[in-house]
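The residues making up each chain are set out below.
Protein chains: 2
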Amino acid sequence: MPEMLEGPALANPDSLRYVPEFNLIMRSDAPDVDKVALVQGSGSGHEPAHVMSVGRGMLDAARPGDVFSAPPTDYVYETVKLVASPKGVLLLVNNYTGDRMAFEMAQELSEADGVRVRTLFIDDDVSVQDSTCTVGRRGVAGNFFVLRACGAAAERGADLDEVYRIGGKVNSVTRTRGMALTACTPPAKGSPLFDLPDDEIEMGVGIHGEPGRRREKPAPARDIVAELVTAAADDLPFAPGDRVALMANGLGGTPIGELYLVYGLAYRQLADRGIAVGRSYVGEYCTSLDMAGCSITLVRLDDEITGLPEDPASTAIRVF
Amino acid sequence: MPEMLEGPALANPDSLRYVPEFNLIMRSDAPDVDKVALVQGSGSGHEPAHVMSVGRGMLDAARPGDVFSAPPTDYVYETVKLVASPKGVLLLVNNYTGDRMAFEMAQELSEADGVRVRTLFIDDDVSVQDSTCTVGRRGVAGNFFVLRACGAAAERGADLDEVYRIGGKVNSVTRTRGMALTACTPPAKGSPLFDLPDDEIEMGVGIHGEPGRRREKPAPARDIVAELVTAAADDLPFAPGDRVALMANGLGGTPIGELYLVYGLAYRQLADRGIAVGRSYVGEYCTSLDMAGCSITLVRLDDEITGLPEDPASTAIRVF
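Line by line, the protein sequences give chains B and F. Using full-length UniProt numbering, the first residue of the first sequence is number 1, and each one after it goes up by one. Using full-length UniProt numbering, the first residue of the second sequence is number 1, and each one after it goes up by one.
With the rest of the complex left out, here is chain B (with noise of 0.2 angstroms):
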């Protein structure tokens, strides 16, 4: 949907840019000479990832898909083109088969072209394993704090070697969990993707609406966090005395009322294992079109990832 990404740029005609014949959208100051660039991209109906994410701190450039469709490999090679700097270029990508495949492609691309070119693949979403529709873990919200530290870390002056240690530690240490009281709809489809019932709710699903660890009946929300919490915090695990940065996501569906109660929840329930939240995240970061439900992200922090959010940044919207 291109109007998609031309709207963002007119509300921000001083630092966003809009490229009709990519059908992608820029930092207007890209390449910076002096910074890693930033590229992300992955299906469309996730937003505000990864289009929103575009500015000051955060991405160079992102090149969607269509919705829930990897981006066509010579686009990404495109966007790189636009956006390399002498210090290279560092590709963020959710981990899926398609996402893999186009990204790892138009590295190589790149690479033949002189441009030095790193992949980091974002992995936090505990729910699967494997299964027929992955290749290991899938990335979901968790990416949104990869993206901050190296969107920093790259302001900074970081090299493109560090930039990725930076991500791939932060995405080591962060855990997300999503569960889903509805399905979502695909304008193209123009009915619900796949099918849930209403006295069922689906827990561990994924943002494309891959099936989850299992549907169950609605419980109470006390009891639906306590799964999320645990199923996140068991996982790294997470232990007593640590302190996390803590998102309440919106698949998209659900009003920011309920985030905060999911919030809350958590929040209490963490404070019980002896975890401590340091940073707070609530609202819509990474959806999966107008899906009811959310995600619960924790983020291990220390003294090095506690302070890369605090830097500046600047997007279409204010997420941070």
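Hint data in this document are derived by calculation from the structure and do not stem from the laboratory. You may find that some hints are simply not true.
One copy or two, either will do: identical chains are not told apart, so a pair holds if it fits within one copy or between any two.
Claimed, not checked - No more than 20 angstroms apart at the CA atoms, straight line, and that leaves these computed lysine to any residue pairs for SDA-like:
id, residue 1, residue 2
1, LYS87, ASP29
2, LYS217, GLY190
3, LYS217, PRO187
4, LYS87, THR119
5, LYS87, GLY168
6, LYS217, SER191
Guided by the hints, dock chain F onto chain B, whose structure is given.
Chain F only, in chain B's frame:
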């Protein structure tokens, strides 16, 4: 829902305070003797309005009612007591019968205590002039611009009459028009609030599901936006040469990608009328639970109104 107010305070412990005995949220540093205090409240279900609009440059306190119900007078009165400063208190009230009654009575009670109070009614919705549901025009998403201007003026040290004047001026040049694709579902009801068939849309819907001007068959986005822009622009009327703030507000269930589509179409249709967009707002500002739909708000900018939203402000969520 107490959790909805407790969550923002938990996430922002340095700046926000939840007061359980009155189920309200307020700035930690209120009352500030050097500024006019701003108070809002309305039915719940419109978040981030108003409970997530408390903070520097915005509200001093918010006390919501139940879903789509005005807050009880005595709680509004207690809220005013908590934040009352020697410079006075401005109550910002969307124009609905229940809210008018609750806040007007709270003003009387507070004045009897010697507190200086004024009440400003906001009525930006062009859809319905009067009906069995309303007392004159309704207040909807344009509330944000009135609040933002009053908040900035109060921080700058303006006195009560001046803050009231600025708020009234912004309200007088603000026009909003909304539409719904689906009804919303209040949690206590558990089913859609009104019946809107899949093959109909409601033009001019209210944020509590009040009937609009008419129902029609779904049309291309361009035509729907044209109807919203025309209704809002012709009402003031906005004229060629005007410079406006343009808001594309989501009603709760509409993905932000679609809001940017609406924004872009409105931007170009305004340009065709010779109206330039000077400030842009895309996202959820005033919702109706999980309703799928949107509204367009136009504000005529002049030198005074343009500058105010540039002042610093901070709330639980970043909406400006």
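Each hint tested on the structure:
With identical chains, the CA atoms of LYS87 and ASP29 are at most 20 angstroms apart within one copy only, with a shortest distance of 15 angstroms there and 46 angstroms across copies. Taking the closest pair of Cα atoms, LYS217 and GLY190 come within 20 angstroms of each other only across two copies (16 angstroms); inside a single copy the shortest separation is 26 angstroms, beyond that limit. Taking identical chains as interchangeable, the C-alpha atoms of LYS217 and PRO187 lie at most 20 angstroms apart only when they sit on different chains, with a minimum of 17 angstroms there against 28 angstroms within one chain. For the homomeric pair LYS87 and THR119, the shortest alpha-carbon distance inside one copy (14 angstroms) is at most 20 angstroms, but the shortest distance between copies (57 angstroms) is not.
In this homomeric assembly, LYS87 and GLY168 come within 20 angstroms of each other (Cα to Cα) only inside a single copy, at 18 angstroms, whereas the closest approach across copies is 53 angstroms. Taking CA atoms no more than 20 angstroms apart as the test, LYS217 paired with SER191 passes between copies only; the shortest distance there is 18 angstroms, against 23 angstroms inside one copy.
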